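Engineer: Put together the whole structure using the sequences plus the hints.
Protein chains: 2
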Amino acid sequence: MSSYSNYTNSPCAACKFLRRKCISDCVFAPYFPPEEPTKFANVHRIFGASNVSKILHEVAPHQREDAVNSLAYEAEARLKDPVYGCVGAISVLQRQVLRLQRELEETNADLMRYASCLGGETMSAYGGRRG
Amino acid sequence: MSSYSNYTNSPCAACKFLRRKCISDCVFAPYFPPEEPTKFANVHRIFGASNVSKILHEVAPHQREDAVNSLAYEAEARLKDPVYGCVGAISVLQRQVLRLQRELEETNADLMRYASCLGGETMSAYGGRRG
Chain A
1 MSSYSNYTNS
11 PCAACKFLRR
21 KCISDCVFAP
31 YFPPEEPTKF
41 ANVHRIFGAS
51 NVSKILHEVA
61 PHQREDAVNS
71 LAYEAEARLK
81 DPVYGCVGAI
91 SVLQRQVLRL
101 QRELEETNAD
111 LMRYASCLGG
121 ETMSAYGGRR
131 G
Chain B
1 MSSYSNYTNS
11 PCAACKFLRR
21 KCISDCVFAP
31 YFPPEEPTKF
41 ANVHRIFGAS
51 NVSKILHEVA
61 PHQREDAVNS
71 LAYEAEARLK
81 DPVYGCVGAI
91 SVLQRQVLRL
101 QRELEETNAD
111 LMRYASCLGG
121 ETMSAYGGRR
131 G
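Chains A and B, in that order, are what the protein sequence lines are.
In this text, residue positions in the first sequence follow the working numbering: the first is 1, and each later residue adds one.
In this text, residue positions in the second sequence follow the working numbering: the first is 1, and each later residue adds one.
Where hints are given, some of them may not hold.
[Claimed, not checked] As a list, the in silico EDC-like pairs of lysine to aspartate or glutamate whose alpha-carbon atoms are at most 16 Å apart:
(1) Lys39(A) with Glu65(A)
(2) Lys16(A) with Glu36(A)
(3) Lys39(A) with Glu76(A)
(4) Lys80(A) with Glu58(B)
(5) Lys80(B) with Glu58(A)
(6) Lys54(A) with Asp81(B)
(7) Lys16(B) with Glu36(B)
(8) Lys54(B) with Asp81(A)
(9) Lys16(A) with Glu35(A)
(10) Lys16(B) with Glu35(B)
(11) Lys54(B) with Glu65(B)
(12) Lys39(B) with Asp66(B)
[To be verified] Taking CB as the label site, the calculated pair distances span:
(13) Asp81(B) with Met112(A): 38 to 48 Å
(14) Glu58(A) with Gln101(B): 32 to 42 Å
(15) Met112(B) with Arg45(A): 45 to 55 Å
[Said to hold, decoys possible] Sample of chain B residues lacking proximity to chain A, with all beta carbon distances greater than 12 Å (derived):
(16) Lys16
(17) Glu35
(18) Pro37
Since the hints were made in silico from the structure, they are not lab data.
Please read these numbers as outputs of a predicted model, since none were measured by experiment.
A virtual CB, placed ideally from N, CA and C, is assigned to each residue, including glycine.
Structural biologist: The structure is reproduced here in structure tokens:
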């Protein structure tokens, strides 16, 4: 949960951005504190305040902070890279996983060759790893 | 580029969804063909038609298909998982990369131990792999 609480007189970053009164049960207030104005500006620019509000109402209260943080991450990624957004990061990671799996397979094959050079006597002590 | 072209009489999926006339230079038409109505419905639900249109105008024409496909991927992921969206896939992949890197390091260490058992004579033929 964010450090924001309604005893402060400042409207939350969302209400300030949208120039509206920040009511006591404002759905944005716990996740968009006034000291982080860019977080709301970003998600508003990419998803729109109304869609963010819809998502917040769709998820359980204890999951809202995670939902806001993942939306803020996606929004920032899309602003940095309008073509691929955070899907670009997924592609990079998928390629990295494939490369590591291939390297691990090759290293395991090397390990097997070494083991056969040693007559396989100590193979059970090491074993091959499989990704 | 999508197979959609304006010689068809059907409005694109976006204009049909938004109940508006599909003009000849409609920014959505090449990427939201009428036979794929869900693709537009999803991006509209998560990003809003106006934000999608803004992003399309921001990127170069040759990058628009990639932009639409990444938006459609993100929208589908967010509809499936409203809390984490495609950021959930990023977390899973990041953990997989860390696990594979650790396994590769351990396998390389095993390889080094085997090499020292063999007196290091043939080590240069194998070498250690580093993730």
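Engineer: Determine for every hint whether it applies to the structure shown.
Structural biologist: Results for each hint:
For the suggested pair Lys39(A) and Glu65(A), the alpha carbons sit about 12 Å apart, so the restraint of at most 16 Å is met. Simply put, Lys16(A) and Glu36(A) have alpha-carbon atoms about 11 Å apart, close enough for the 16 Å limit, and the pair holds. For the proposed pair Lys39(A) and Glu76(A), the alpha carbon gap of about 8 Å is at most 16 Å, so the pair holds. Of the supplied pair hints, the one linking Lys80(A) and Glu58(B) holds, its CA atoms being roughly 12 Å apart against a limit of 16 Å.
The straight-line distance between the Cα atoms of Lys80(B) and Glu58(A) is roughly 12 Å, inside the 16 Å bound, and the hint therefore holds. With a CA separation close to 14 Å, the supplied pair Lys54(A) and Asp81(B) stays within the 16 Å bound. For a cut-off of 16 Å, the pair hint linking Lys16(B) to Glu36(B) stands: about 11 Å separates their Cα positions. Proximity of Lys54(B) to Asp81(A) is assessed by CA-CA distance (about 14 Å); at most 16 Å being required, the pair is judged to hold.
Of the supplied pair hints, the one linking Lys16(A) and Glu35(A) holds, its CA atoms being roughly 11 Å apart against a limit of 16 Å. For the hint linking Lys16(B) to Glu35(B), the alpha-carbon distance of about 11 Å falls within 16 Å, and the restraint holds. Restraint check for Lys54(B) and Glu65(B): satisfied, since their Cα atoms lie roughly 14 Å apart, inside the 16 Å limit. About 14 Å separates the Cα atoms of Lys39(B) and Asp66(B), which keeps this hinted pair within 16 Å; it holds.
Taking 38 to 48 Å as the suggested C-beta distance range, the pair Asp81(B) and Met112(A) conforms, at roughly 40 Å. Separation of Glu58(A) from Gln101(B) is about 36 Å and conforms to the stated range, judged on CB atoms against 32 to 42 Å. Taking the beta carbon of each, Met112(B) and Arg45(A) are about 51 Å apart, inside 45 to 55 Å as hinted. For Lys16(B), the non-interface assignment is confirmed: its Cβ lies about 21 Å from the closest Cβ of chain A, beyond the 12 Å cut-off.
The non-interface label for Glu35(B) is consistent with chain A: the shortest C-beta to C-beta separation is roughly 23 Å, beyond 12 Å. Under the 12 Å C-beta cut-off, the non-interface status given to Pro37(B) relative to chain A holds; the minimum distance is some 19 Å.
The structure shown violates none of the earlier numbered hints.
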